[in-house]
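Asker: Listed below, chain by chain, are the residues.
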Amino acid sequence: MTFLFYLLAAVAILSALMVVFSRSPINSVIFLIICFLSIAGHYILLNAQFLAVVHIIVYTGAIMVLFLFVIMLLNLNTSNEPHKSQLTRITAVITGGLLLLVLIAATKDAVLIQAKNPADYNIGLVKQIGQTLFKQFLLPFEISSVLFISAMVGAVMLGKKDSKKN
Amino acid sequence: MRLEDFLLMRHELLLTLIAIIILIAEIFTDDFKKQGIRPLSIILMAIVTIVGFLPAPTGTLFGGMYQATDMRLMMKNILNIGALIVFIQSASWLKSDDNQNKVSEFFLLLISTLIGMNFMISSGDFLMFYLGLELATIPIAALAAYDRYSNKSSEAGIKLILISALSSGILLYGISMIYGTVGSVYFDKVSVAYGATPLQIMSFIFFFTGMAFKISIVPFHLWTADVYEGAPVNVTSYLSVVSKGAAVFIFSIMLVTVFQNIAAMWKDVMWITAAITMTLGNLFAMRQNNLKRFLAFSSISQAGFIMLGIIGGSELGMAAVVYYILVYIFSNLGAFGVIAAISNASGGKENMSDYDGLYKTNPALSLTLTLALFSLAGIPPVAGFFGKFFLFTAVAEKGYWWLLTIAVLNTIISLYYYLLPVKAMFINKAETSIAYFKSDGWTKVGLIICVAGMVIVGFASVIFEYIRTLSFGL
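Protein chains in written order, with this note's numbering: chain A, 1 to 166; chain B, 1 to 474.
Derived by calculation from the structure, the hints in this document are not laboratory data.
By construction, the Cβ of each residue, glycine as well, lies at the ideal position given by its N, Cα and C atoms.
Check before you lean on any hint, since a few could be wrong.
Have a look at the derived ranges for each label pair, beta carbon to beta carbon [as the list claims (entries may be wrong)]: (1) K161/A - A264/B: 51 to 61 angstroms; (2) A155/A - P55/B: 38 to 48 angstroms; (3) L100/A - I276/B: 19 to 29 angstroms.
Residues from chain A that keep clear of chain B, each with C-beta distances beyond 10 angstroms, as calculated [said to hold, decoys possible]: (4) V19; (5) A48; (6) A52; (7) V54; (8) Y59; (9) A62; (10) L68; (11) I71; (12) L74; (13) T88; (14) L101; (15) V102; (16) I123; (17) K127.
Bound-form chain B, shown alone:
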């Protein structure tokens, strides 16, 4: 291994480095100086995000176990952006008395999950993929229970660890059968040798089920709402955006490369689950009053929409998936950022009825939330519209007209419930709406990045064109 080879792994190595720096900073600072860890982590993360965008060589390492292609690097950069925004948004929440003594743990655990996601995305064999996946989920369970004295938070942590253990078990069962039938764990060997023998089909079903738990596709989504509601808002936002994005990325890569021989079969499976996911996610979202639960079900139905691009399977479809995740990061983090700011300032008010008349008292936050919800719903001036448009194009291109019809109908349904919080803020009258408060600098920076992202990513067509040049397809 030459020294230049380390350049290929720069995302992971840099993240490991900042994890070590934070660990050392935690050990060698006293309680007073620990406040410096927040800005330190954010600045380090910002540097890593920027360095990730610098042009660098591509190639494979460790005999194909680690793969760095332009597309995978782009995916890692997108996840880095998402993590950076979560870091910035968490800054003011971490300053509160309850959380002061576990600030560095928060950053350390988030960074280690990010390392896991990056390795998972770059994986070239099932072993690396599985290890990355575990590294990406186990620390999150500890973070879901971050708010230790709240029963709901502990419940979220336990549920997340149990569900992730169960789904990992199912996934491993599938992987072991793949290894048993093919005799190799390397993606390139498996993709050639994979046929449609009964055992291999069964192994795919187990694999699909395990991944469906991680992305929360509908028959396997029941944990999502409880975990999202119980976990602290900032952890929920990370879970719903960055974790889900990473799982979608590797899932789409594996479907079009490793399982290309049985594409006709997994497309049928995806067709049905995508239709159910979109519809049920939407129907449940309509009934929610707690905004975190509301966004949980909205994220389930968004996962259904993302599956459209994977079903398309073409180069355009894959580009649409990556682009949509980028847009989704900005929009969903924008929405969660506002909810987190309000929840922190008002002592945990997270219900839709608490937001009545918010526009009168906090116009800037209301406008940001509105913009984010518009983007999630896919209303034209913001980026969400373009994301959905490309996904729909990818499906239409392959002639899945029924699926397209279901998707469009679901978009209309989703418009209704995305506008419910907007109605609460702008139209509903309230005797005691949440009083005016001034958010601190970090929150503002986080929200400004989200708003800028939603607007710029939509209008700058270079971004989509660039992703498309990197793209791959069946």
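Here chain A stands alone, though its shape is the one from the complex:
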């Protein structure tokens, strides 16, 4: 178990770094998929099967394919990648570094918290999630359906053909 965890963690971190450092956007997306897969592996280690499956289907499957499509349609490659000026880079490094500093300063005094239910391994199973979703969290579940309807209506509105201006 521990060995698997370290292996997956190493793969996740390395592929995440490669997402940032690889030159071609296609390679970035492929590495992102590897990163997501290894995170899904972590979920399985935690016995959260449902989360792992959803993670693979939604992120690795749907969203990443969408990414690839967009990149192919836009025809992005290294040659037409916009070049940032030196000033922008320095500003980005300084602001990012400041945020990192704040995060480290805030967490360096933090204490580890004990897990609430360390013995409950069944919490991530599909059955448990279904029970929670339809009992305790019924209302948020229903509201999210309103959210989806409104998102669909918005998308249809933006894509609707005008009757006069074609």
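Add chain B to chain A, keeping to what the hints say.
Answerer: The following block gives chain B in isolation, referenced to the frame of chain A:
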């Protein structure tokens, strides 16, 4: 769950019902009959607004996930009024050729954001709060891009969706840390267990930043002017009044309940951001020529003033915040209503210089805009004065004298720029000012409601006293 329990959720259920009715009406009408959707939506919304005011039980549902108290119901009613006025003001704009084929979408999206806001205000845990917030912002982004063929409108839509995604991400990060340290997402449990450990302070900073984006408090305000300028006027007015009002309501509720243990800390944060927000909002507003940008920066500085009441934190402070939002709805929608009417009649004239000599040609509209601007500035006979007065009292009561001084100085600065459009309309001479036009019935009704609101809410002290009896404090 008993049947009577549904009465507690009547705002949300009724709004969902009218959303479904509009959806069905859209499906089963042909192009000719679609014109009927405008009056139908407005009438349904008016009914919901009135029904909201009827006395009804209060209580909690779903194990504390949904809370209906008198104060929260009052907040929902205020938002309903704002939405109703926006509906009425949009009626004539929706009649134009470009918008005819997407009328029902406009109403549907606005209603779904309103459902989200109502759930957000009634939320008793972070999950409901977050879902409500998303439901309240995502459809608005589609509406900001309503005018699809205009580049500025599309730009506004993209900017709004990106900024709301970014701020939601930051907010969620904070919420996940709160959940991690406390072990619960319910407000009542979090408020007890919340301390000032480093991780919890950090989670509060993320939470505050996320909300600051939504209310457009100064270091996080940069999206406001572009989005307000690009979006259609009626969407801008909704965004600046109803959306902002809802976010302020839930933010003030959460600060005084969930984060009560670290009140001393968030008051310091709010003190500084309120002072910067008021000052910078005012300074930028002075330089604007486009009236929508002008009102965008004015709304930023108004957010700074509203924060005064939250900093006061007392029962009076909370009542002042709610009362001020009520006044702000009437005043800002009055101003936006006039701008929308003129923009529609003159083919998109929105600059201050276009308003030169408007009083000669359109006296009624000029007087309405003047009254609305006076109310925003806080000049005595109109309601804005009382709103600002109560906010200042709330801060003075707690002894924040420096903040009060900054606020009063900012009120004086704001007087200058609020009077600029008034000067343009009444004093400046123009060779070709906007010609006289007759606004249609809906526009008139909308503006009359705004003017009546500005006058009545100011003079009828019962309203403030009533809000105060519902109020809560630290």
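Asker: For each hint, tell me whether it holds in the structure or not.
Answerer: Verification of the hints:
Checked against the hint of 51 to 61 angstroms, the pair K161/A and A264/B passes, with Cβ atoms roughly 57 angstroms apart. Separated by about 40 angstroms at the C-beta atoms, A155/A and P55/B satisfy the suggested range of 38 to 48 angstroms. A beta carbon spacing of about 25 angstroms between L100/A and I276/B agrees with the range 19 to 29 angstroms that was offered as a hint. Every beta carbon of chain B lies more than 10 angstroms from that of V19/A, the smallest distance being close to 17 angstroms; the non-interface claim holds.
Interface exclusion of A48/A from chain B stands, the closest Cβ pair being 15 angstroms apart, more than 10 angstroms. At the 10 angstroms boundary, the C-beta of A52/A stays outside the reach of chain B, the nearest C-beta of that chain being 19 angstroms off. Listed as a non-interface residue, V54/A keeps its Cβ farther than 10 angstroms from every Cβ of chain B; the least gap is roughly 17 angstroms. Non-interface call for Y59/A relative to chain B: holds, since the shortest CB-CB distance, roughly 15 angstroms, exceeds 10 angstroms.
A62/A, annotated as away from the interface, keeps every beta carbon of chain B farther than 10 angstroms; the closest lies near 17 angstroms. Residue placement check: L68/A keeps its beta carbon more than 10 angstroms from all beta carbons of chain B (closest about 21 angstroms). Listed as a non-interface residue, I71/A keeps its Cβ farther than 10 angstroms from every Cβ of chain B; the least gap is roughly 18 angstroms. With 10 angstroms as the threshold on Cβ separation, the claim that L74/A sits away from chain B holds: the shortest Cβ distance comes to roughly 15 angstroms.
Even its closest Cβ contact with chain B, about 16 angstroms, leaves T88/A beyond 10 angstroms, as expected for a residue assigned away from the interface. Here L101/A stays apart from chain B, with its beta-carbon at least about 12 angstroms from theirs, past the 10 angstroms limit. Under the 10 angstroms C-beta cut-off, the non-interface status given to V102/A relative to chain B is violated; the minimum distance is some 8 angstroms. Listed as a non-interface residue, I123/A keeps its Cβ farther than 10 angstroms from every Cβ of chain B; the least gap is roughly 13 angstroms.
In this structure K127/A is separated from chain B by more than 10 angstroms, as the shortest Cβ-Cβ distance comes to about 21 angstroms.
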